[in-house]
Amino acid sequence: MAQVVLKNVTKSFGAVEVIKGINLHINDGEFCVFVGPSGCGKSTLLRMISGLEDTTSGTIDIDGRDVTGEEPSKRGIAMVFQSYALYPHLSVRDNIGFGLSLAKLPKAQIKAKVEEAAEKLQLTHLLDRKPKALSGGQRQRVAIGRSIVRDPKVFLFDEPLSNLDAALRSQMRMELTDLHAELGATMIYVTHDQVEAMTMADKIVVLNAGRIEQVGSPMELYDHPASPFVAGFIGSPKMNLYDGEIARRMGCSTYGIRPEHIALGTEGPWGGTVKHIERLGADTIVHMDSPEVGQLVARIAGDRPVRIGDMFRAAPMTGKEHRF
Amino acid sequence: MTRRQFWTGIVALAVSTVLFIIPFVFIAIIAVKDKREASRMGFDWPDSWHFWSNLVEVVEARNYMLLLAYFNSTVITVGAVTVLVVLGAMVGYVLQRRDSKWNSLIWAGVMSGLMIPPAVVPTIWVLQELHLFKTIHGMILIHVAYGLSFAILLFRSFISTIPRDLDEAAIIDGAKPLQIFFRVVLPLLRPVTVTVIVVQSIAIFNDFTNALYYLPGRENVTVQLTLFNFQSQFTSQMNLLFMNILLITIPPLIVYMFFNRQIVAGMTAGAVKG
Amino acid sequence: MTRKSPYPLWFVAPAAIIFSVLFLVPTLASFWFSLTRWDLFNAQFIGLENYEQFFKEPFLIKGLFNTVFFAAVTSALKTTLGLLLAVLLTSGIFAQGFLRVLVFFPVLVSTIGVGITFSKLMHPTKGAINVALAAIGIDGPGWLTDPALALFSVALVDVWKGIGLATLIYIAGLASISPEYYEAARIDGATRRQMFWRITVPLVRPATVTVITLSMIGGLRSFDIIWAMTKGGPGFSSDVLASVIYKQYQAGFYGLSTAGNVILFLLIAGIMLPLTARLNRKEVEQ
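Protein chains in written order, with my numbering: chain A, 19 to 342; chain B, 963 to 1236; chain C, -11 to 274.
By construction, these hints were calculated from the structure, which means they are not laboratory data.
Since the model is a prediction, treat every value here as computed from it, not as a measurement.
Treat the hints loosely; a few may be bogus.
Footprint (simulated), chain A over chain B, 3 or more residues, beta carbon under 8 Å [unchecked claim]:
{"id": "1", "stretch": "1122 to 1131"}
{"id": "2", "stretch": "1135 to 1142"}
Stretch-level coverage of chain C by chain B, calculated; a stretch enters the list once three of its residues show a Cβ under 8 Å from a Cβ in chain B [claimed, not checked]:
{"id": "3", "stretch": "11 to 19"}
{"id": "4", "stretch": "92 to 101"}
{"id": "5", "stretch": "112 to 123"}
{"id": "6", "stretch": "230 to 240"}
{"id": "7", "stretch": "247 to 259"}
Glycine included, every Cβ here is placed at the ideal spot set by N, Cα and C.
Put together the whole structure using the sequences plus the hints.
This is the structure:
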């Protein structure tokens, strides 16, 4: 188990700098999620930690050792790919044991380690199948099994759930969280999905255009976003954000209020006409046109009657407003 | 199937029987006739069958030249195709996976190999300097040089369908370049490898021109050359000439029956890129 | 900081060495040797004499003309007949699968075998073709004995042997045209003929480019079919560059033979580079 420390890490492809000086400390045993929109550099950063991508400048330490110029296989890491990257011509057993057989471990030892991992992931009955014959969730587990047998100090996950359907995805989220609790290993997880970040992370790193926007626990980011970017990225539906004249009236350059922090009723500073309604059952999302602020989204209880064309007054809850 | 499709099919079948089957029937008929009857080149049913005696006579001709030729052609084909597969796959792999400044140079080589006619006499000169002229292994290397472009094209386009994640997973598992190639990539190339093997085997087995130039001499005779040698010897024995044609036509026919799908895949894949 | 690439360039080295030594070096050397009188051991520089001789000898010029004629005729026939056959063999007719196999088989058969067989079938008096023509009252020509006809006859046999590949490429090209185009056209009231000219021909264009390119290169380089059927005869009437190269080589005129090689190279480059540029440009415009 190990800490991961990035110091002034940059990465350029030719003249284009995609990672612009990252400093980050990931603690031993932490579940750290890199999140951000596509193209923000989160996958590149993960691949730099893995060693699949060279680091242009700066240093990467894993477990107190500088591994910046080290081969991927010597870094003490394991990686689960978005596509799982299972070797199609090998059985589940050989997939999990591939790295061990490259390292020329004795056969008996490989067998024992593979079976132990398979046990942990409920794969024992599938060991002699080919990846083709497995479901998405099973393939996912094999990919994890392949990383477990390496006894890595750090697990790296590159959007591992994005190929699964919604139901399986939420199940796998919990399995991964359980696995993390069981192994107690340091895990770094890349996703573009803020729900995955919120539900799984000890620490979220929000990346934008090659820089860190904010680092913190899920609730820190939710309650105290450091920038309008983080405010807009974390939380669903998105926070209402206003700049320009409206924000200036509020005494800041960007003003934000979350949909769940708006009270709709007969009182409030803003008026609004309901334009669109999304009923989610427990909640209802109401989209309104407001003469004071323009577009306004509010989240209200699901059982409250509301119709298109209804007029409300909207009031931001005090203490829940964000001024940037 | 509509009436129209049915009758068009019948007509097409009749026409193509005349065009594409009769020449082969002709070969077979002449091959089983006796010398006198064969020289009339008629299409009539043989008066008497001489399949076995003609076969024996062709095989025994010129001190079992045909058997020697079969042996030589087999050695050349197997040797050249083996080298072609390994080297072609390696080049196709690096060409597809790596963005290198050499890539455009490699491409230029591949394209020139497809287009430029080999300069024969200078090639003989080079072979002679290297003591490879009139040798079987020289012939193998020539076929490798001439077949590489096609093999590289096929392998490269197939490798582009293998996700790079697999290489990277292997890298993280600690595989060295040769291990990635031989243990992860090469096993996945099976379909295209079969295609390259089948298509190139037929091409090399049927090669006449290169053997004519680079492999003269009795002891190095190849199957296609026997046909040419026998043509002058058997002017009055057409039955034997056609028995010979029959014998060298059979191997590709068998290969085609077994590997129809791979041949079609290879011919079109290679061609569409070309 | 940069670690070694997992895709080392030395993977290319063995292939590059074999290809360079046995293909590129001779090709480059041919430019020099074509300017010499050469017996494989001594090369004496004689300037452009070989080329002068080449363009002075009527039969050598004839060979140059024949090469272009042969390539043009075979390509034109393979392209048009190949497309028509492919359309026929994808239209769901009776015995379609068997017909495809049949049409393709000659591609795989020994060219020499095919050449010898057809030279017998085309025999002026005893050959099956003329015997059959005589049966319906036609006096068949001397396919391979008439100097005006010999090269054309060989071209027909080359088409017979190569049409399967053209058809196969066209079948693959036709398969990639979405049936929705034809359905839309039918709803718009297009006839079969209109669909062929307005949909099939333009959309199958990539296959056409491939067929033309392959058959032109193959046609310009043709040797074995001609050698097996006529050896360039009667006289020099069916000689092409490749057979001239071989004849000069046999006669020991290595410099002259190599000059022929260089001319063939320049001819192919001179025809194929503008042709492919033109074919590809049109493709972009679509």
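Does the stretch 112 to 123 of chain C contain three or more residues whose Cβ lies closer than 8 Å to a Cβ of chain B? holds (count 4)
Take the stretch 92 to 101 of chain C, compare each residue's beta carbon with every beta carbon of chain B, and decide whether three or more fall closer than 8 Å. holds (count 10)
Checking C-beta pairs, does the stretch 230 to 240 of chain C have three or more residues closer than 8 Å to chain B? Per the Cβ count (4), the hint holds.
Does the stretch 247 to 259 of chain C contain three or more residues whose Cβ lies closer than 8 Å to a Cβ of chain B? holds (count 6)
Taking 8 Å as the Cβ threshold, is the statement that the stretch 1135 to 1142 of chain B is covered by chain A upheld or broken by the three-residue rule? Since three or more residues must qualify, the claim that chain A covers the stretch 1135 to 1142 of chain B holds, with 4 doing so at under 8 Å.
Has the stretch 1122 to 1131 of chain B got at least three residues whose CB is nearer than 8 Å to a CB belonging to chain A? Since three or more residues must qualify, the claim that chain A covers the stretch 1122 to 1131 of chain B holds, with 5 doing so at under 8 Å.
Is the listed coverage of the stretch 11 to 19 of chain C by chain B valid when you require three or more residues with a beta carbon under 8 Å from a beta carbon of that chain? holds (count 7)
Violated hints are absent here; each numbered hint is respected by the structure.
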